[in-house]
Amino acid sequence: MPALSMKAARRWPGLAEVLAGEGRAWLFVAKTLLALYLAAWLAMWLRLEQPATAMITVGIVMHPHSGMVLAKSFYRALGTLCGSAFGLALMCVFPQQRELFLLSLSVWVALCAGGATLYRNFMSYGFVLAGYTAAIVALPAINDPLGVFDSALMRVCEVMLGLVVAGVVSDVLFPERLRPLLRQRAREHFAHFIDFVRGSTGGSIPRAEMEQAHLRFVRAAVELENLRASVIFEDPEVRARSTRMRLLNQHNMAAATSFQSLHHTINRLQREGRTAEVDALIALYRPLGAALATAPGDLHEPAVLAPRLRACARQLPAREAELRAGLAPGRAQLAFDTGATLLRRFLDELCAYVEVELALRGRVQRGGVERVHFRRGNDATGAAVAVLRTFLTMTVLSAFWIASGWPFGASAMLLATIFSGLLAAAPNPLTSAFVTLLGFAGGILAALHVAYGLLPGSSGFVMLVAASLPFLAIGPWLNAHAEFGGMGGGFSIGIVYILALKDPMVYDLAHALNDAIAQLAGVALAAASFVFVPRVTGSGWQRRRQVRRLRGQVVLAATAPLQGLPWRFESVSRDLFHQVIVHTRPGSRRSRELLAWALAVQESGRALIELRQQLRASTASPEVRAAVDRAVQAVAQLYHRPDAGRRQQAEDAVRAAIDACAGTPTLRPRLYQLLGALRDDESPLAAWTSAGEPADAP
Amino acid sequence: MPREIAIWGVLVPGLLPVFLGSLLLMVLVDLLIGRYGLHRYVWHPPLFRLALFACLFGAAALLLLH
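Residue numbers (the numbering used here), protein chains in the order written: chain A, -13 to 684; chain B, 390 to 455.
Among these hints, one or two may not hold up.
[Said to hold, decoys possible] Here are the in silico distance ranges between beta carbons for each label pair:
| no. | chain 1 | residue 1 | chain 2 | residue 2 | range |
| --- | --- | --- | --- | --- | --- |
| 1 | B | Leu409 | A | Asp130 | 29 to 39 Å |
| 2 | A | Glu287 | B | His455 | 53 to 63 Å |
| 3 | A | Leu495 | B | Leu414 | 45 to 55 Å |
| 4 | B | Leu414 | A | His359 | 26 to 36 Å |
| 5 | B | Leu452 | A | Val519 | 56 to 66 Å |
| 6 | B | His455 | A | Asp494 | 40 to 50 Å |
[Claimed, not checked] Every beta carbon over 10 Å from chain A, so not counted as near; a handful from chain B, in silico:
| no. | residue |
| --- | --- |
| 7 | Ile396 |
| 8 | Pro406 |
| 9 | Leu409 |
| 10 | Gly410 |
| 11 | Cys444 |
| 12 | Gly447 |
Since the hints were derived computationally from the structure, they do not count as laboratory data.
We put the beta carbon where it would ideally sit given N, CA and C, even for glycine.
Same shape as in the complex, but just chain A (with noise of 0.2 Å):
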């Protein structure tokens, strides 16, 4: 085979690699099988009620990734506790209102799916669980309240079991990692970052080259972010160098912001003509390009970079204090302080970045470090809308199930729980809907078949794989191939729900199909509601506010309490520039708008925490403190609405506190970086700036 696949690949270079991702397609494929049929076989030789539940577990959670399969089963084991917790509670407060118990199971199935659109990770799995698991635990125990118990710790059991198959089965078997993935980001991020810094010490680096700079790097910093989040389930090595990962991730979001303002203001500079200040800095700069050219070998070598980068910043003071005193006294040394303020700045935190990078690549990790979070701009309104959404779902189901008194109102609302949920995160609901129905009905169809059709001639488990083996193939198959969307997922759930192998089989015809039919009008009514309640991730409004709550960090900056603030700023921020530029088409006027936006706040809230920390560790008089605190929140008014009246009134309360700190060296370079932000006649800010001022007086 691999001679054949070689001559092939010769010829049609293609081919291979169709090979190859087919190759792995099958091997998922052939893990998922041996997955549902040794949970089947498990939950039977267990004597558990319903191996279905097992089944359908494992295929919920298999992925082609095991640290993906790991880190879905620990969120799903927390969802499935906490939800058969809360469907047992129900049970016990409402035994006989089934009213009441209808609207409560409502409620808490909409707060979960609302979680679920919250978070973009795995925990968002736990929430769909929750949800689901207190269904499962209390829909079939509706006309038997006290079996409950029994029915909870049955479908706990079921769950956990096809945890742990799935889990081992995809762990031990073949594995295919993602550690070596996060490896390689981690590494390709660190080397475009120290290459563009090498890059750029000529001097000026236009914008537009600085929005795409921008816009990698916070592509890489979430992209890693997310991509630890599931490795550390997979590897230990991973787990114990995780804080150390997020810190590395915050010092290079710090250097990145810290290395913008840097070049925004000899940018600005440049643009003012004022040479003897750009040459200045620029001589300051250089030094740093050539400690980072070092041997062609070890361009990105931490160890060879790291001591070379401390000595370059102990070298700083005494060239900067060399350069300062050939400069003319007054606005020009101020301009200049404002650049030396920032490369300061700006080497500290590359020589940290680059330290905590040489310790990553250590076998052992020695010491602990500071902890550090990656927040997350969430979506509170968003999520909101999923509540509400989910809710009425509910509601309309338990409504018209207590109305008409369908014996199989349980199933439909069992189904339309999942699909709630699991719709509720997917990119693209209504398409993803309509294909997850799709895959479901057919699934329901390839079930009907296997269970009247060929089962009943069938004797022992080797039959019942025999003659399952082929449709439940199908399942995977269309879930390893990303084009088919959410429908493998649906054909999963529908052939195993009506499948519902057991320990001796019950062949129940109409019942069957009695029950296909509910779980089909539940999943078409999960799917029908995003119709009326639309989701509004990606829409205008959601952008609009987005925007909004981006230039709002700039907001908070100027007035949160400052403990662990400089991190949680260049997190949400961030995080909040990455929700809103996937969802806009690239150099369109809407990204580029964006990208505009997300450099000004990156750089004004960053000058406004650095200004705020200097002003907390100072000791200037209550007069110039007040000045300053004055400026602060006229550029957080600002930034919260930006127009030309309160432009200009920051702009004012910048210069009226430069003048009344002539006294404080620390506090001013800031207050002229703020300035000079306000100024800046590329940054969005300059719609409003009225023209015909003197530019840079003090």
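Here the structure of chain A is known, so what remains is to put chain B in place on it, guided by the hints.
Just chain B now, kept in the frame of chain A:
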């Protein structure tokens, strides 16, 4: 150790606390392994972890419940 324990009036098998205890122990072992990079000396780390867990759980169960 008794074969079955009552937690708030619910009888659970004595193996359950043993299982949870071995899971906890496994987390600690994993922490050490990760910190010192010991998985480099193992051919198939997940299989090794599974086997180690089976040994821990089996030994604990035999010692405590036999």
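message: Just want to verify: Cys444 of chain B was marked as not at the interface with chain A; is every Cβ pair farther apart than 10 Å?
response: Fine: 15 Å to the nearest Cβ keeps Cys444 of chain B off the interface.
field: Least C-beta distance from Gly410 of chain B to chain A larger than 10 Å
entry: holds (17 Å)
- request: Confirm or reject the statement that Leu409 of chain B sits farther than 10 Å, beta carbon to beta carbon, from all of chain A.
  value: Label holds. Min Cβ-Cβ 12 Å, cutoff 10 Å.
message: Taking the Cβ atom of Glu287 of chain A and the Cβ atom of His455 of chain B, is their distance within the range 53 to 63 Å?
response: holds (55 Å)
- prompt: At the C-beta level, are Leu414 of chain B and His359 of chain A separated by a distance inside 26 to 36 Å?
  reply: holds (28 Å)
- request: Please settle this one: Gly447 of chain B was flagged as non-interface, so is its CB more than 10 Å from every CB on chain A?
  value: At about 16 Å from chain A, Gly447 of chain B clears the 10 Å cut-off, so the statement holds.
message: Checking a non-interface call: every C-beta of chain A should be farther than 10 Å from the C-beta of Pro406 of chain B. Is that right?
response: At roughly 16 Å from the nearest Cβ of chain A, Pro406 of chain B sits farther out than 10 Å, so the non-interface label holds.
message: Assuming the hint says 45 to 55 Å, is it satisfied by the Cβ distance from Leu495 of chain A to Leu414 of chain B or not?
response: Since the Cβ atoms of Leu495 of chain A and Leu414 of chain B sit about 51 Å apart, the hinted range of 45 to 55 Å holds.
- request: Please settle this one: Ile396 of chain B was flagged as non-interface, so is its CB more than 10 Å from every CB on chain A?
  value: The claim stands: Ile396 of chain B keeps its Cβ more than 10 Å from every Cβ of chain A (closest is about 13 Å).
field: Distance restraint evaluation - Leu452 of chain B, Val519 of chain A, Cβ atoms, bounds 56 to 66 Å
entry: Cβ of Leu452 of chain B to Cβ of Val519 of chain A: about 57 Å, so the range 56 to 66 Å holds.
task: Could you check the hint for me, namely that Leu409 of chain B and Asp130 of chain A are 29 to 39 Å apart, CB to CB?
output: holds (31 Å)
message: Verify the CB-CB distance for His455 of chain B and Asp494 of chain A against the hinted window 40 to 50 Å.
response: With Cβ atoms ~46 Å apart, the hint holds.
The earlier numbered hints are all upheld by this structure, with none contradicted.
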